[in-house]
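Taken in sequence, the protein lines are chains A and B. Under my numbering, the first residue of the first sequence is numbered 1, with each subsequent residue one higher. Under my numbering, the first residue of the second sequence is numbered 1, with each subsequent residue one higher.
Check the hints yourself; a few may be wrong.
Calculated lysine-lysine pairs in the DSS-like style (CA-CA distance at most 25 Å, straight line) [claimed, not checked]:
hint : chain 1 : residue 1 : chain 2 : residue 2
1    : B       : Lys-25    : A       : Lys-268
2    : B       : Lys-451   : A       : Lys-98
3    : A       : Lys-98    : B       : Lys-439
4    : B       : Lys-21    : A       : Lys-259
5    : A       : Lys-98    : A       : Lys-302
6    : B       : Lys-183   : A       : Lys-259
7    : B       : Lys-183   : A       : Lys-192
Under 7 Å between C-beta atoms, here's a sample of chain A residues computed to sit facing chain B [claimed, not checked]:
hint : residue
8    : Gly-39
9    : Gly-45
10   : Ile-124
11   : Gly-134
12   : Ala-138
13   : Ala-186
To list a few chain B residues with every Cβ distance to chain A over 10 Å, as calculated [unchecked claim]:
hint : residue
14   : Leu-10
15   : Ser-32
16   : Ala-44
17   : Val-55
18   : Glu-174
19   : Gly-193
20   : Trp-216
21   : Lys-244
22   : Arg-307
23   : Gly-322
24   : Met-422
25   : Asn-448
Bear in mind the hints are in silico, worked out from the structure with no lab data behind them. This structure is a prediction, so every number in the text was calculated from the model and none was measured. Idealized CB from N, CA, C, for every residue including glycine.
The lines below spell out each chain.
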Amino acid sequence: MAARKAAEKPNVSGEDLQRYYREMLLVRRFEEKAGQLYGMGLIGGFCHLYIGQEAVVVGLAAAARDDDKQITSYRDHGHMLVAGMDPKGVMAELTGRKDGYSRGKGGSMHMFSHEKHFYGGHGIVGAQVPLGAGLAFADRYLGNDRVTFTYFGDGAANQGQVYETYNMARLWNLPVVFVIENNQYAMGTSTKRSTRSPSLWERGAAYGIKGEMVDGMDVLAVKAAGEKAVAACRAGDGPYILEMMTYRYRGHSMSDPAKYRSREEVQKMREERDPIDRVRELLVTGNHASDDDLKAIDKEIKAIVSEAADFARESPEPDAAELWTDVYA
Amino acid sequence: MATEILMPALSPTMEEGTLAKWLVKEGDSIESGQIIAEIETDKATMEFEAVDEGVVAKLLVAEGTEGVKVNTPIAVLADEGESPEDAASAARAPEADKADAGAEAAPKPQAEGATEAPAPARSESASDQAPVAAVATDWPDDTPTRSLTVREALREAMAEEMRRDDTVCLMGEEVGEYEGAYKISQGLLDEFGARRVVDTPITEMGFTGIAVGAAWGGLRPVVEFMTFNFSMQAMDQIVNSAAKTLYMSGGQVPCPIVFRGPNGAAARVAAQHSQCYAAWYSHVPGLKVVMPYTAADAKGLLKSAIRDQNPVVFLENEILYGRSFDVPEIDDYTVPIGKARLARKGDDVTIVSFGIGMTYAMEAADRLADDGIEAEVIDLRTIRPMDTDAILASVLKTNRLVTVEEGFPQNSVGNHITAVVMERAFDYLDAPVINLCGKDVPMPYAANLEKLALVTTDEVVEAVRKVTYR
Ligand SMILES: Cc1ncc(C[n+]2csc(CCOP(=O)(O)OP(=O)(O)O)c2C)c(N)n1
Ligand SMILES: [Mg+2]
Numbered sequence: 001m002a003a004r005k006a007a008e009k010p011n012v013s014g015e016d017l018q019r020y021y022r023e024m025l026l027v028r029r030f031e032e033k034a035g036q037l038y039g040m041g042l043i044g045g046f047c048h049l050y051i052g053q054e055a056v057v058v059g060l061a062a063a064a065r066d067d068d069k070q071i072t073s074y075r076d077h078g079h080m081l082v083a084g085m086d087p088k089g090v091m092a093e094l095t096g097r098k099d100g101y102s103r104g105k106g107g108s109m110h111m112f113s114h115e116k117h118f119y120g121g122h123g124i125v126g127a128q129v130p131l132g133a134g135l136a137f138a139d140r141y142l143g144n145d146r147v148t149f150t151y152f153g154d155g156a157a158n159q160g161q162v163y164e165t166y167n168m169a170r171l172w173n174l175p176v177v178f179v180i181e182n183n184q185y186a187m188g189t190s191t192k193r194s195t196r197s198p199s200l201w202e203r204g205a206a207y208g209i210k211g212e213m214v215d216g217m218d219v220l221a222v223k224a225a226g227e228k229a230v231a232a233c234r235a236g237d238g239p240y241i242l243e244m245m246t247y248r249y250r251g252h253s254m255s256d257p258a259k260y261r262s263r264e265e266v267q268k269m270r271e272e273r274d275p276i277d278r279v280r281e282l283l284v285t286g287n288h289a290s291d292d293d294l295k296a297i298d299k300e301i302k303a304i305v306s307e308a309a310d311f312a313r314e315s316p317e318p319d320a321a322e323l324w325t326d327v328y329a
Numbered sequence: 001m002a003t004e005i006l007m008p009a010l011s012p013t014m015e016e017g018t019l020a021k022w023l024v025k026e027g028d029s030i031e032s033g034q035i036i037a038e039i040e041t042d043k044a045t046m047e048f049e050a051v052d053e054g055v056v057a058k059l060l061v062a063e064g065t066e067g068v069k070v071n072t073p074i075a076v077l078a079d080e081g082e083s084p085e086d087a088a089s090a091a092r093a094p095e096a097d098k099a100d101a102g103a104e105a106a107p108k109p110q111a112e113g114a115t116e117a118p119a120p121a122r123s124e125s126a127s128d129q130a131p132v133a134a135v136a137t138d139w140p141d142d143t144p145t146r147s148l149t150v151r152e153a154l155r156e157a158m159a160e161e162m163r164r165d166d167t168v169c170l171m172g173e174e175v176g177e178y179e180g181a182y183k184i185s186q187g188l189l190d191e192f193g194a195r196r197v198v199d200t201p202i203t204e205m206g207f208t209g210i211a212v213g214a215a216w217g218g219l220r221p222v223v224e225f226m227t228f229n230f231s232m233q234a235m236d237q238i239v240n241s242a243a244k245t246l247y248m249s250g251g252q253v254p255c256p257i258v259f260r261g262p263n264g265a266a267a268r269v270a271a272q273h274s275q276c277y278a279a280w281y282s283h284v285p286g287l288k289v290v291m292p293y294t295a296a297d298a299k300g301l302l303k304s305a306i307r308d309q310n311p312v313v314f315l316e317n318e319i320l321y322g323r324s325f326d327v328p329e330i331d332d333y334t335v336p337i338g339k340a341r342l343a344r345k346g347d348d349v350t351i352v353s354f355g356i357g358m359t360y361a362m363e364a365a366d367r368l369a370d371d372g373i374e375a376e377v378i379d380l381r382t383i384r385p386m387d388t389d390a391i392l393a394s395v396l397k398t399n400r401l402v403t404v405e406e407g408f409p410q411n412s413v414g415n416h417i418t419a420v421v422m423e424r425a426f427d428y429l430d431a432p433v434i435n436l437c438g439k440d441v442p443m444p445y446a447a448n449l450e451k452l453a454l455v456t457t458d459e460v461v462e463a464v465r466k467v468t469y470r
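Given these sequences and hints, build the entire structure.
The structure is reproduced here in structure tokens:
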């Protein structure tokens with residue numbers, strides 16, 4: 001993986017580091033809990049966990065403004081938590097209850113928050129890419145300077161609509177950051193088996209779009225690249241492509257037997273490149289946090305997550321009449 | 001406080017599984033994220049990771065145990081500062097498992113032979129010729145059978161056709177090395193190699209077009225859509241390229257191709273992954289549309305579809321994949337496209353369904369029989385070209401019709417059947433036809449709403465009572 005190393009002494013405050021740590025830990029613990037609730041039959045259908053990829057959304061959120069927009073695939077829980085959506089409401093959607101963000105009607109793959117500028121949660125691989133460019137089209141049209149982060153996977157990067165979108169996005173200089181979350185697998189297909197392109201971001205060059213490859217396991221590298229991309233978009237020189245080299249620890253969804261990679265490969269990633277361990281180390285070696293501080297954060301996050309889980313179990317199922325609402329505006 | 005580890009659900013459809021192997025033993029300390037067991041689901045063997053950390057106080061279910069219900073406690077963890085003995089004794093004993101063998105019984109034995117000729121016409125509005133009734137079985141009575149799941153039947157059909165014809169190839173996402181997202185193509189890459197079992201990137205529009213071109217070029221491709229929901233990415237190639245080219249070329253360029261994969265609702269996969277495409281594709285001249293219910297039909301019809309000179313949309317169902325049915329032990333068993341099957345004989349009402357809808361139709365017929373109402377159930381099997389004769393022959397006898405399907409109500413398959421029956425047998429109807437469909441909403445995720453959105457056995461029973469005035 002052609003990844004950038006984090007600077008030896010990163011130019012970042014202890015406060016910021018603690019924030020990234022807390023956000024990444026929230027995503028990880030939330031996902032572990034979701035996996036557990038799935039195992040108990042409280043979550044059904046497909047459930048795609050984000051464990052291992054936390055630095056991508058956390059780093060980009062650090063580069064974004066609160067009013068910037070986001071759109072992604074079905075692997076969306078982390079994006080929503082970091083966008084500031086309430087863990088209780090997200091978990092309650094996973095359990096299909098009344099207090100979920102979509103009132104139980106969307107589930108894990110289809111969740112939205114107009115208030116937090118999060119436009120889903122899309123189950124059809126690649127479909128979110130033109131949709132994200134469309135959100136950016138509206139912003140350019142309306143004359144504001146918001147940026148849309150459009151996330152998609154390495155597998156989705158082979159869908160034709162991605163390239164139709166690239167062409168138009170550059171033709172019209174749309175303020176959209178295309179974030180390719182290259183976790184190296186699309187279900188059981190490794191990138192080596194789906195393309196001969198040496199890298200995915202370079203495909204943008206054919207349309208005149210700038211971009212770069214980023215170590216997606218390093219939250220500081222992600223943030224730095226995100227800032228560059230955002231600056232280009234706000235200056236009217238969008239779009240921009242960021243290929244985040246990352247890794248998912250868990251199966252594709254809950255029902256993936258994961259025979260396409262070795263246990264050792266996963267273990268090695270966890271041990272050597274874990275994004276949370278990395279920040280934890282920076283916190284400790286930089287004397288930004290003591291062991292006790294870290295323990296306190298762990299405890300605090302665990303409490304948020306178990307509160308969300310309890311809430312999601314106790315929230316009632318949606319009223320039967322909800323079946324018929326929201327079909328038309 | 002001891003923590004119980006429960007048997008996990010590891011797929012949307014899993015209700016029980018085999019605890020194949022423990023990777024930890026009593027006394028081991030485990031961390032969250034550590035793989036502690038291998039569990040076999042209905043589809044595959046999966047690794048099971050611990051969520052909580054602690055010391056394994058007791059393994060409650062021995063490895064090799066089959067039929068362990070989801071949420072049964074399988075092990076106990078001692079928490080920090082707790083002795084494993086205390087934890088083990090605090091845990092409740094696992095409940096004895098009443099193994100519910102053969103959850104889904106094979107269909108009821110059917111009345112032998114075909115129906116009698118239809119009743120003489122009540123008036124001239126009936127078709128000029130007496131319609132031909134559906135056959136009850138496609139094989140002679142004394143044929144030996146074996147029980148196969150729909151999944152195995154589909155796999156056998158593809159393997160057999162690939163053995164007999166080198167131009168038959170399979171293409172799609174995860175069909176090769178992964179052996180199919182739903183394991184339909186298990187073993188095919190091993191047997192036929194990468195020339196004939198082709199893994200594609202996630203590019204439905206692209207590979208569908210390539211497969212259509214390959215069909216024009218002399219191959220007989222079978223295109224697997226991981227689910228039919230994703231065929232919408234490729235619909236233009238199916239409708240505009242595959243279906244119409246024979247006609248546009250004045251008969252010169254046929255397109256022998258099969259588009260297959262799971263269709264309709266699975267379990268809790270919500271709006272974008274739960275749609276029935278029977279009505280959608282059956283709208284299109286030039287396409288054939290097949291939707292089997294039993295394993296025998298899945299096998300026989302898929303073999304026919306692969307040999308057909310036309311594009312065939314072959315709609316399967318994830319929930320049916322694991323169900324077992326009798327399949328005849330006949331060499332090269334095929335079922336003709338375009339012929340319905342008489343699934344149950346009766347005089348009081350005709351129920352027409354197809355695919356998973358047959359589950360509700362047959363259950364309803366059983367319940368109605370307890371109350372003395374004998375329903376005739378027709379399994380359409382092919383949606384286009386439709387065996388309207390079989391429907392008419394039955395309606396001429398019963399004078400009442402209920403259709404059952406999972407798709408949306410407007411422009412449903414049932415709507416079309418109703419129109420045909422009204423045109424050709426209006427005077428024979430003693431009650432308005434009822435079309436039962438999924439509800440007219442996108443599929444909701446919530447468990448209670450999903451149940452309400454789907455067509456149910458209760459609704460079939462109620463509709464039959466309405467049209468029979470009983
Ligand atoms: C159009 C379409 N085709 C296929 C699928 C089935 N599917 C769901 S996720 C997935 C893999 C996508 O991989 P990638 O884009 O790398 O994202 P990741 O899951 O790694 O986050 C596939 C094939 C789908 N949902 N939509
Ligand atoms: Mg991927």
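Here's how the hints hold up against the structure:
1. B:Lys-25 / A:Lys-268: Holds. Lys-25 (chain B) to Lys-268 (chain A) sits at ~24 Å (cutoff 25 Å).
2. B:Lys-451 / A:Lys-98: holds (16 Å)
3. A:Lys-98 / B:Lys-439: holds (20 Å)
4. B:Lys-21 / A:Lys-259: At roughly 16 Å apart (the allowed maximum being 25 Å), Lys-259 (chain A) and Lys-21 (chain B) satisfy the hint.
5. A:Lys-98 / A:Lys-302: holds (24 Å)
6. B:Lys-183 / A:Lys-259: holds (13 Å)
7. B:Lys-183 / A:Lys-192: Roughly 22 Å separates the two Cα atoms, so the pair holds.
8. Gly-39: At 3 Å from the nearest chain B Cβ, Gly-39 (chain A) passes the 7 Å test, so the hint holds.
9. Gly-45: holds (3 Å)
10. Ile-124: This interface hint holds because 6 Å falls under the 7 Å limit.
11. Gly-134: violated (18 Å)
12. Ala-138: violated (23 Å)
13. Ala-186: Since the shortest Cβ distance to chain B is 6 Å, the answer is holds.
14. Leu-10: violated (6 Å)
15. Ser-32: Not fine: 7 Å to the nearest Cβ puts Ser-32 (chain B) too close to chain A.
16. Ala-44: violated (4 Å)
17. Val-55: holds (19 Å)
18. Glu-174: Not fine: 6 Å to the nearest Cβ puts Glu-174 (chain B) too close to chain A.
19. Gly-193: holds (16 Å)
20. Trp-216: holds (21 Å)
21. Lys-244: holds (21 Å)
22. Arg-307: About 31 Å separates Arg-307 (chain B) from the closest Cβ of chain A, which puts it past 10 Å; holds.
23. Gly-322: For Gly-322 (chain B), whose nearest Cβ neighbour in chain A is about 13 Å away, the distance exceeds 10 Å, so it holds.
24. Met-422: Its Cβ never comes within 10 Å of chain A, the nearest being 29 Å, so this holds.
25. Asn-448: violated (4 Å)
Hint compliance for this structure: hints 11, 12, 14, 15, 16, 18 and 25 are broken, all remaining hints hold.
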